[in-house]
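Peer 1: Read top to bottom, the protein sequences are chains V and H. For the first sequence, position 93 matches number 93 in the working numbering, and the numbering has no gaps at all. For the second sequence, position 56 matches number 56 in the working numbering, and the numbering has no gaps at all.
Derived from the structure by calculation, the hints contain no laboratory data. Every residue gets a Cβ at the ideal spot worked out from N, C-alpha and C, and that includes glycine.
List time: in silico EDC-like cross-link candidates among lysine to aspartate or glutamate, alpha-carbon distance up to 20 Å: (1) V:222 x H:105; (2) H:228 x H:68; (3) H:93 x V:128.
A few chain H residues facing chain V, derived, Cβ under 8 Å: (4) 98; (5) 100; (6) 119.
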Amino acid sequence: MNFLGTIGRTTLLFMEATGRLAMFTFMALSHCLRPPFYLRLIGRQMVDIGYYSLPVVGLTAVFTGMVLALQSYSGFARFNAESAIATVVVLSITRELGPVLAGLMVAGRIGAAMAAELGTMRVTEQVDALTTLSTNPYKYLVVPRLIAGTTMLPILVLVADIIGVFGGYLVSVYRLDFNPATYVRNTWQYLEFMDVVSGLVKAAVFGFVIALMGCYHGYHSKGGAQGVGAATTNAVVSASILILVLNYLLTGIFFS
Amino acid sequence: MSAVNGTNGAGGTPKISLRGVRKAFGPKVVLDGIDLDVARGESVVIIGGSGTGKSVLLKCILGILQPDQGTIRIDGEDTTHVTGREREAVMRKFGMLFQGAALFDSLPVWENVAFGLIQGQGVGRREAKERAIATLGAVGLTPEVADLFPSELSGGMQKRVGLARAICTRPEVIFFDEPTTGLDPIMSDVINDLIVKCVQDLGATALSITHDMASARKISNRIAMLHKGKLVWVGPTSEIDNSGNAFVDQFIHGRAEGPIQMQIRAF
Ligand SMILES: Nc1ncnc2c1ncn2[C@@H]1O[C@H](COP(=O)(O)OP(=O)(O)OP(=O)(O)O)[C@@H](O)[C@H]1O
Ligand SMILES: [Mg+2]
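I would like the entire structure built from these sequences, with the hints used as guidance.
Peer 2: Here it is as structure tokens:
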């Protein structure tokens with residue numbers, strides 16, 4: 001009996017959370033389309049998400065590219081397919097690893113920061129203060145973050161793609177003694193437009209999800225420092241899991 | 001109950017009108033049927049023990065919290081469940097000083113004060129800054145403070161910035177949640193004068209919360225006492241000393257013995 005009760009309660013809680021998230025998303029999106037638009041805030045968020053994430057994302061990308069080259073070499077050398085390394089690197093980076101790893105890194109960096117900032121604003125009544133000053137918190141706090149997240153992540157991923165491929169190039173040329181010109185040619189040879197675009201579309205979705213989770217958990221945080229801490233954790237964990245799940249679904253849609 | 005509905009001279013529809021407002025958090029009933037009218041240009045102070053729901057009452061009127069029952073009318077219009085654009089329009093009439101100041105810590109002091117001007121009224125940033133600095137002057141803060149961030153201020157200074165933010169747009173109705181808490185006696189009196197001035201010169205309606213009886217006497221036309229979710233006494237400030245109400249007497253004289261029992265145990 002108790003067991004059933006637990007299942008029932010959990011299901012209800014889950015439904016409630018889903019409904020609340022859906023409402024939140026709907027509200028936020030509807031405010032994205034209606035003026036006023038806070039361009040100054042959107043700009044600031046874009047700099048925060050796009051520019052200041054470059055080092056983290058760049059480092060992730062370069063080492064991923066390098067390790068990809070090393071790993072595929074040690075595998076492909078067994079059946080003399082070393083020439084495929086460049087293709088493996090570029091396809092893995094643009095289609096999967098670029099968006100997913102950049103997404104996860106940004107989720108840790110930006111999702112957490114958003115949840116902590118909005119959460120602190122919530123528990124210190126700054127969100128209430130916004131409404132008393134005739135400013136809609138969705139518009140002022142949530143919309144700029146969603147817009148910046150959705151637009152900046154594709155740009156970050158494009159940069160990550162380039163850096164990642166360059167990482168593979170470095171290892172192949174300087175460590176595995178490949179011919180540079182051949183490597184570059186192989187990189188381009190089998191790369192299709194769709195490979196890159198699918199990665200960028202994924203990035204836009206991930207950017208939206210990161211900002212949404214950061215804002216949602218921050219906006220609904222309760223209590224004091226502990227509540228903000230919980231909101232931060234939830235934002236990062238839920239964004240990361242959603243990124244992995246959505247990555248699978250999107251891959252299924254693009255390449256089925 | 002003529003005191004509750006007393007419009008204190010100025011006739012017509014009351015600026016704020018509460019009827020049967022009830023608010024509970026889970027099983028805990030905080031407000032249990034509040035009736036109160038505040039006339040245009042009147043200054044009413046709410047007193048009551050800590051945790052009796054004074055701040056919750058203000059938040060219900062402001063629409064930050066939704067009452068479970070009852071109606072709240074502003075200028076005769078029912079605003080209890082108003083949201084979105086209409087809510088923003090109602091909010092434009094209001095200025096609120098939060099108990100914890102609630103300053104935006106990502107913005108410098110002057111932008112905090114000018115926030116309502118810039119975002120709500122579309123005043124240009126340069127002009128808004130000038131007006132913000134002027135308002136800061138009125139609460140006893142120098143122009144140098146304008147470029148600091150809230151975290152660089154003392155508690156009392158934050159409170160005064162919050163006050164400046166509440167009055168900068170010259171709202172029709174101003175809510176003060178403990179405006180003088182955390183200030184020294186002299187600055188408290190300056191703030192009291194400022195509140196009186198806002199009401200007299202700007203014709204604003206004020207609803208304040210305070211534990212400071214000196215301040216309450218100075219800034220209010222009427223006083224309402226909240227106890228156990230109900231207004232146990234509402235009357236003119238001049239009658240506070242002979243209200244004939246045991247709760248009020250105990251409160252204004254600050255006695256531990258009386259009908260208000262504090263939930264404490266010996267240790
Ligand atoms: N968001 C909330 N959730 C649950 N309970 C709340 C909430 N806000 C207030 N309360 C409860 O409502 C009661 C009244 O709180 P309120 O802040 O209005 O007190 P107050 O009269 O302003 O006290 P003080 O003079 O100390 O500021 C408190 O017991 C508090 O626990
Ligand atoms: Mg309070």
